[in-house]
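**Q** Okay, here's what each chain looks like letter by letter:
There are 2 protein chains.
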Amino acid sequence: MKSFIRRRRVIAALGATVTMVGFVSMSALPASAMADDLTENGGATRNDGDMTQLLRDSIVDGPAKNVILLIGDGMGDSEITIARNYAEGAAGEFAGIDALPLTGQYTTYALTDTGAPNYAPESASTASAWSTGTKTVNGRLSVDVANAPQATLLEIARANGMKTGNVSTSEIQDATPGAQVAHISARGCYGPNETSQRCASEALENGGLGSISEQMLNVRPDVTLGGGSASFEQTAKAGPWEGKTLFEQAEARGFQLVGDAASLDAVTVADADQPLLGLFTEGNFPVRWQGPAATDLTSGGSLPAAVACTENPDRLASDLSLGSLTEKAISLLDGEDGFFLQVEGASIDKQDHAANACGQIGETVDLDEAVQVALAFAQERKDTLVVVTADHAHTSQIVGSPIPGLNTHLLTADGQEMIVAYGTSAQGGSQQHTGAQVRIAGYGPGAANVVGLTDQTDLFFTAANGLALERNLASLSANATISAPAEVQPGATFSVTAAGLNADWQTDATLASEPVDLGARDVLNGTVTYEVTAPMEAGAHSVTLTGAQTGTVLTAQFAVTDAASANPTPEPLPTETGAAAAGGSSNTNNPLARTGGALPIGFFVAGLLAVTLGAHLASRRRRRTV
Amino acid sequence: MKSFIRRRRVIAALGATVTMVGFVSMSALPASAMADDLTENGGATRNDGDMTQLLRDSIVDGPAKNVILLIGDGMGDSEITIARNYAEGAAGEFAGIDALPLTGQYTTYALTDTGAPNYAPESASTASAWSTGTKTVNGRLSVDVANAPQATLLEIARANGMKTGNVSTSEIQDATPGAQVAHISARGCYGPNETSQRCASEALENGGLGSISEQMLNVRPDVTLGGGSASFEQTAKAGPWEGKTLFEQAEARGFQLVGDAASLDAVTVADADQPLLGLFTEGNFPVRWQGPAATDLTSGGSLPAAVACTENPDRLASDLSLGSLTEKAISLLDGEDGFFLQVEGASIDKQDHAANACGQIGETVDLDEAVQVALAFAQERKDTLVVVTADHAHTSQIVGSPIPGLNTHLLTADGQEMIVAYGTSAQGGSQQHTGAQVRIAGYGPGAANVVGLTDQTDLFFTAANGLALERNLASLSANATISAPAEVQPGATFSVTAAGLNADWQTDATLASEPVDLGARDVLNGTVTYEVTAPMEAGAHSVTLTGAQTGTVLTAQFAVTDAASANPTPEPLPTETGAAAAGGSSNTNNPLARTGGALPIGFFVAGLLAVTLGAHLASRRRRRTV
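Respectively, the protein sequence lines represent chains H and E. The UniProt record's numbering puts the first residue of the first sequence at 1, with every later residue one more than the last. The UniProt record's numbering puts the first residue of the second sequence at 1, with every later residue one more than the last.
A couple of the hints might just be wrong.
[Said to hold, decoys possible] Some chain H residues close to chain E (C-beta under 8 Å, calculated; not the full set): (1) Asp-273; (2) Pro-404; (3) Arg-439; (4) Asp-458.
Worth flagging that the hints you see were computed from the coordinates, not collected in a lab. A virtual CB, placed ideally from N, CA and C, is assigned to each residue, including glycine.
With the sequences and hints as input, model every part of the structure.
**A** What follows is the structure, given as structure tokens:
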């Protein structure tokens with residue numbers, strides 16, 4: 001515990017391992033006030049003596065084996081302080097959020113569609129920034145200002161052979177989780193219906209990548225947990241599952257679908273063959289705490305008496321709390337391949353928009369539990385980078401007297417009164433995001449990169465470089481091989497198998513001689529197999545596979561002969577056209593294989609990466625080997 | 001430059017030494033936008049590759065020789081971002097404020113008079129927190145919740161033999177500079193007049209410590225630069241300078257008084273014998289930039305067109321800018337004793353209160369220049385701890401659309417529009433401080449202690465321990481000696497000299513046998529001399545000196561004989577009663593000697609300090625030697 005638990009008020013729970021079950025139930029009522037005498041000289045300090053050596057000890061070189069990225073949506077410094085004051089007291093500290101040893105600030109601005117700064121960002125542009133390292137326009141998910149898709153951390157981690165997870169208290173299609181799995185110009189295009197209406201050119205039926213939900217099924221994270229089941233009741237409008245609901249599609253593609261705590265508890269494996277999709281609410285999760293609506297004093301009036309927040313009776317069972325879901329996700333992802341996991345506490349932002357102080361505070365407490373879980377795991381393993389930050393700042397402010405706007409008067413853990421003010425929108429409107437730089441904090445290998453002033457896009461590189469990931473996705477499929485029998489009999493059924501398509505989630509395939517569209521397949525662990533019926537015409541034939549994401553083209557030659565080979569064992573054949581193939585140029589009209597252009601190739605600091613991280617590459621993972 | 005200039009956009013000026021004269025004149029018009037293409041992958045990042053080793057290199061063990069503490073009053077993360085967006089562009093960075101390598105957040109809450117947290121602090125309680133390590137009630141300066149004085153960093157540094165400085169763009173009696181030199185229950189008690197009215201029990205005529213201005217003259221920093229000359233036109237109501245103005249008093253006590261740039265430029269020495277008091281305005285400094293008044297949209301209306309800020313024609317000459325004053329202060333303080341210097345950019349707060357976006361931005365730019373000066377010095381010397389932080393957060397927020405309150409629409413360095421919103425008070429009212437945790441950043445020996453979550457009171461210990469200061473002030477006067485001739489003739493004049501009264505700024509003295517009040521004297525460099533007229537009565541007599549701050553009592557014995565000694569050379573005599581003497585118990589009615597109770601003795605982490613810092617103590621300075 002010595003390396004990062006540097007505070008005076010160490011929470012014992014942080015020493016627990018990730019195998020702990022459940023949490024100490026946190027009441028909506030504030031915890032007891034601190035025992036220290038704050039009036040004494042030194043009575044309010046948080047450091048316990050000189051921290052220099054402890055800080056040194058907390059700086060650990062990468063690469064990390066795992067990354068856990070925890071996002072408090074809208075969790076600016078004001079939101080953190082409000083929640084801490086209420087739940088822990090002003091002198092208290094969150095056992096998770098406040099415990100990370102390395103801290104900084106980052107800028108969160110978005111871009112206009114001409115590439116100039118937009119100082120008031122929202123969750124889609126900001127999530128895209130750390131997910132891809134590329135700034136974009138408000139409302140867009142992991143596409144740049146020209147709407148070109150940008151590879152995400154989750155996708156890159158997957159392409160590098162790592163396991164991946166995506167957990168949120170929101171609809172899983174919402175901006176923060178959505179940015180890791182989808183590339184789309186409008187964050188609201190959750191399912192086929194919204195996409196046809198609002199993102200028509202990106203709809204499957206129009207040759208696009210499809211809705212956020214459908215793209216998520218393509219990217220196939222090992223673990224996806226959150227809300228947003230409603231979109232999965234929608235029906236695909238094109239592609240192999242046209243006419244089927246997205247739930248039916250997910251099931252057909254091997255997903256384990258769970259919708260309640262008991263079913264989730266029963267899941268023991270989640271991997272490429274059977275990824276886990278747990279959707280526990282139709283929309284966003286109910287919040288943890290509730291309290292009085294803010295009082296509008298715009299036209300005068302007086303502040304009501306201070307009150308405490310109360311539990312929301314509609315909250316999900318505690319084993320579906322963000323902390324519990326984080327614990328479950330880690331347990332399913334942890335293994336020799338390493339993992340990338342994103343966890344979002346989504347409704348700090350949503351409740352701040354609604355000027356609901358108790359709502360946003362409870363969600364911050366909820367996120368803190370998830371951070372505690374992540375830190376406990378990382379502390380035990382020593383090989384995991386944990387980063388806690390926000391996407392953007394928000395409206396709520398602590399003031400000394402009521403504002404001529406919305407005010408909530410709370411009684412805190414200190415037994416003191418706190419006024420939380422919301423002044424960026426009139427009553428009934430949505431309180432606004434704000435553009436202030438926000439806190440970023442880290443623990444573990446590579447966490448030093450969060451210290452000082454950074455930009456949100458730096459977090460992408462902190463995570464990707466921290467994992468020593470190869471970001472050139474085409475190169476990860478470039479050594480793919482394809483195998484087929486050298487000779488087959490006319491009309492015989494035989495297998496064509498491609499392996500090493502690490503950065504492709506789907507393939508399209510064509511029997512060239514006819515031509516016959518062999519359809520789209522999911523690539524699992526870099527491997528895909530097609531059952532092919534041989535042409536009746538004797539002679540040389542070929543099957544061509546195209547990776548949907550990188551545009552990698554693989555061609556298997558085979559001969560149709562009346563006297564079939566005595567040895568039908570497939571022989572690996574070299575790739576005819578590799579990573580240099582133009583993305584998507586050989587795509588057919590099979591929508592699963594449509595790329596909309598190959599994902600861009602990572603290049604930033606590639607040379608430096610090769611120098612500094614080359615020596616650390618682990619062969620178990622398909623990482624950069626230059 | 002390698003150890004802390006870790007960003008991509010290094011400002012060359014930071015490599016300059018402190019001997020540079022003046023600054024590149026910063027226009028009120030925004031700088032040109034960044035050259036980087038923000039739309040590219042990685043185009044908006046601030047880090048340039050892995051920062052792990054650079055961060056390690058930035059962690060330097062104490063002790064430091066010097067500390068420069070720069071405070072942006074009201075400079076929360078929102079205020080920093082607003083100023084950066086405007087002046088440098090969203091992707092830009094301040095060459096000073098943003099360049100410090102070690103960063104964290106600290107809590108700023110105040111206390112109620114019963115010792116419970118008050119979540120909405122102001123500048124007096126917050127300045128007291130870092131100045132003394134003790135939290136207090138809003139409005140108080142360096143006294144605790146029981147109004148007991150708490151020793152300040154400036155006082156402790158002085159008592160440890162260091163040089164001291166106090167620079168601000170505000171009235172030098174204002175909360176931030178005032179907290180380093182005064183102990184008083186109401187921050188508004190600038191001069192004798194206000195003190196008689198609002199802090200009557202603390203007025204000199206009532207046996208108190210006197211006004212903030214009068215206490216400042218007692219503490220006698222080597223360098224004091226700022227505004228607030230008006231208070232020095234007031235007349236002392238009691239004490240040795242009763243009936244004289246404070247300016248007359250200062251001059252009588254040896255201060256070098258300057259009021260303009262030319263006079264300041266002519267000053268080449270500032271020390272205990274001739275401390276520098278530069279007061280350049282009657283009140284606060286005029287601000288640097290001005291702009292449109294905020295538009296009140298509470299009852300609807302539309303935002304005016306975006307405009308740029310303009311220079312304030314009333315601004316002081318550039319050689320009286322905060323950066324220039326900081327440079328001058330450093331040049332006067334730098335030397336073998338080391339120094340503690342506090343620099344405040346005061347009107348970020350004041351202009352935020354006034355909902356004046358251009359005002360607060362210009363003041364932030366002004367502070368940044370001072371930080372650049374401090375960093376240039378520290379970078380050259382390698383022995384100086386620089387800390388940059390705020391006292392509390394404030395109202396202003398960056399929003400995407402106008403709020404139903406006050407809005408200012410600015411055209412930034414990016415050529416983009418930015419809305420700065422003020423929503424915590426109605427038009428004409430004072431916008432409120434807010435309670436969010438704020439950024440703290442450091443460079444140099446001991447700066448590691450700012451990383452992570454700390455409290456404002458930690459900064460006191462970071463600075464005091466970073467300088468290896470002995471905080472037990474009584475112990476610093478405990479080895480004082482007093483000397484007088486062994487024998488004197490009746491009615492003869494002779495000298496009684498005390499030395500080593502390191503933690504006392506004044507003494508009172510009494511010729512015991514009569515008794516005769518010998519009056520108050522300033523202690524310079526620990527030394528004070530009284531000219532005494534011997535009693536006419538032959539026999540044993542004594543002179544008793546009492547240190548006004550520590551209550552240290554020194555007694556010199558002498559004999560009155562008709563046959564005076566052939567050798568009148570004073571002989572050092574041992575102290576009869578040392579640090580254990582009750583503070584102030586032997587005070588006479590000489591107001592200069594009144595202590596109001598001895599300053600409390602530092603004790604926090606004293607044991608640890610002895611262990612960790614004992615080996616580094618420099619004998620040139622009177623630091624802890626246990």
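**Q** For the restraint on H/Asp-458, tell me whether the closest CB of chain E is nearer than 8 Å.
**A** holds, 5 Å
**Q** Hint validation: H/Pro-404 versus chain E, beta carbon distance must be below 8 Å. Holds or violated?
**A** holds, 5 Å
**Q** For the restraint on H/Arg-439, tell me whether the closest CB of chain E is nearer than 8 Å.
**A** holds, 6 Å
**Q** Min Cβ distance, H/Asp-273 to chain E: is it shorter than 8 Å?
**A** Constraint on H/Asp-273 not satisfied, violated at 32 Å.
Checked against the numbered hints above, the structure breaks only hint 1 and satisfies the rest.
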